[in-house]
Amino acid sequence: MEVYSEILEFDTKGEITIVDLTSMFEDLVSKSKIKNGVLSANVIGSTGALTTIEYETRVLTDFKQILEKLVPKGAGYKHDLIDSNAHSHLRASLIGPSLSLSIHNSRLQLGTWQQAVFICLDVRSRHRRVAVTIIGQ
Amino acid sequence: MEVYSEILEFDTKGEITIVDLTSMFEDLVSKSKIKNGVLSANVIGSTGALTTIEYETRVLTDFKQILEKLVPKGAGYKHDLIDSNAHSHLRASLIGPSLSLSIHNSRLQLGTWQQAVFICLDVRSRHRRVAVTIIGQ
Amino acid sequence: MEVYSEILEFDTKGEITIVDLTSMFEDLVSKSKIKNGVLSANVIGSTGALTTIEYETRVLTDFKQILEKLVPKGAGYKHDLIDSNAHSHLRASLIGPSLSLSIHNSRLQLGTWQQAVFICLDVRSRHRRVAVTIIGQ
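Chains as they are written, first to last, in our numbering: chain A, 1 to 137; chain B, 1 to 137; chain C, 1 to 137.
In case anyone wonders, no lab produced these hints; they're calculated from the structure.
It cannot be assumed that every hint is accurate.
[To be verified] The following label-pair restraints were derived from C-beta to C-beta distances:
(1) C/Met1 to A/Ser30: 15 to 25 Å
(2) C/Ser84 to B/Phe10: 27 to 37 Å
(3) C/Asp27 to A/Ile7: 40 to 50 Å
(4) A/Ser106 to C/Ala75: 39 to 49 Å
For every residue, glycine included, the Cβ atom is placed at its ideal position computed from N, Cα and C.
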């Protein structure tokens, strides 16, 4: 049984950047040499989120628009009095910061049209970090 | 320390089928012989989601209705131009594809009125797969 | 490789209590003596949820208000006919019951302004339990 740890780092352009992490995750699975186990990932920071989505331009646009509809920017939030990114925090907490994905026979168990993504919800460019731990054998 | 891997497979009737996975998960815990550890599950595919809910008819109906209210079907989504299931993708990404549940003393740590569920959000019948990995001792 | 299991227990005041679990999680990481691995936590019960948020008064207030906007209390839900907490169930299932966080070099990988929280969404005071399992070495 092994544990493989790494921090993924990348830059985002702010509101709303959706980064496809799938090939980065697959590289880590390969480097870990773990054949069967779990990849656990979580955002470090409170204005980013992790989920899966079909990484297709139209769906990504729809996703940005539904977030704006559900949690509109600048809708009189109290946190906006100290920093103008209240909506970023709310969206991040609703989508959630963590993802846990199975690895079977050295392969991350995702569908063909399903990608693991980091969603940058903050209002400005950020250097982003995602903690990844792979456990298995 | 052991790793137990399995793919759960079942058919869904489309929009919106909520499948109680609890007893399937409990069977896998039992087969794994793991007494203390974690069960990690994730949907394979981008129009399904995992969460927990009280598996009671009225709450399930309420859940379907709140999804339709929050992310209405056919609300002018761009992805609908290529496939009429944009809302399915959006709902799935918001709820999330993965679940990680503790196993203590050979028991999945869920409440009496709390069931682990797969939510099929797609518009048609589908053959569905959920990857499950149990790690522990 | 080790597994460390514990149930966190605490009381909540009902609608909506947001409990900062970060220091409790850090204590468990410390007690487990696991340096590299994963902390997996899940709510036991169907009217609570786990996520991360900046534990700052204004954001917490904004979060309570956005939940009321998205899933209003008493909006004609069917489950309210048997128990007046349908909205609690719906909010809990949307946010999600589980969280998995990396531990690298004995430290939980969270940002400075990011706390792991339990959100009590039920309408009354409750005794709450969160199952935690730490796996690693």
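Open item on the list: Name the hints, by number, that the structure is in violation of.
Closed with: Hint 3 contradicted; others consistent.
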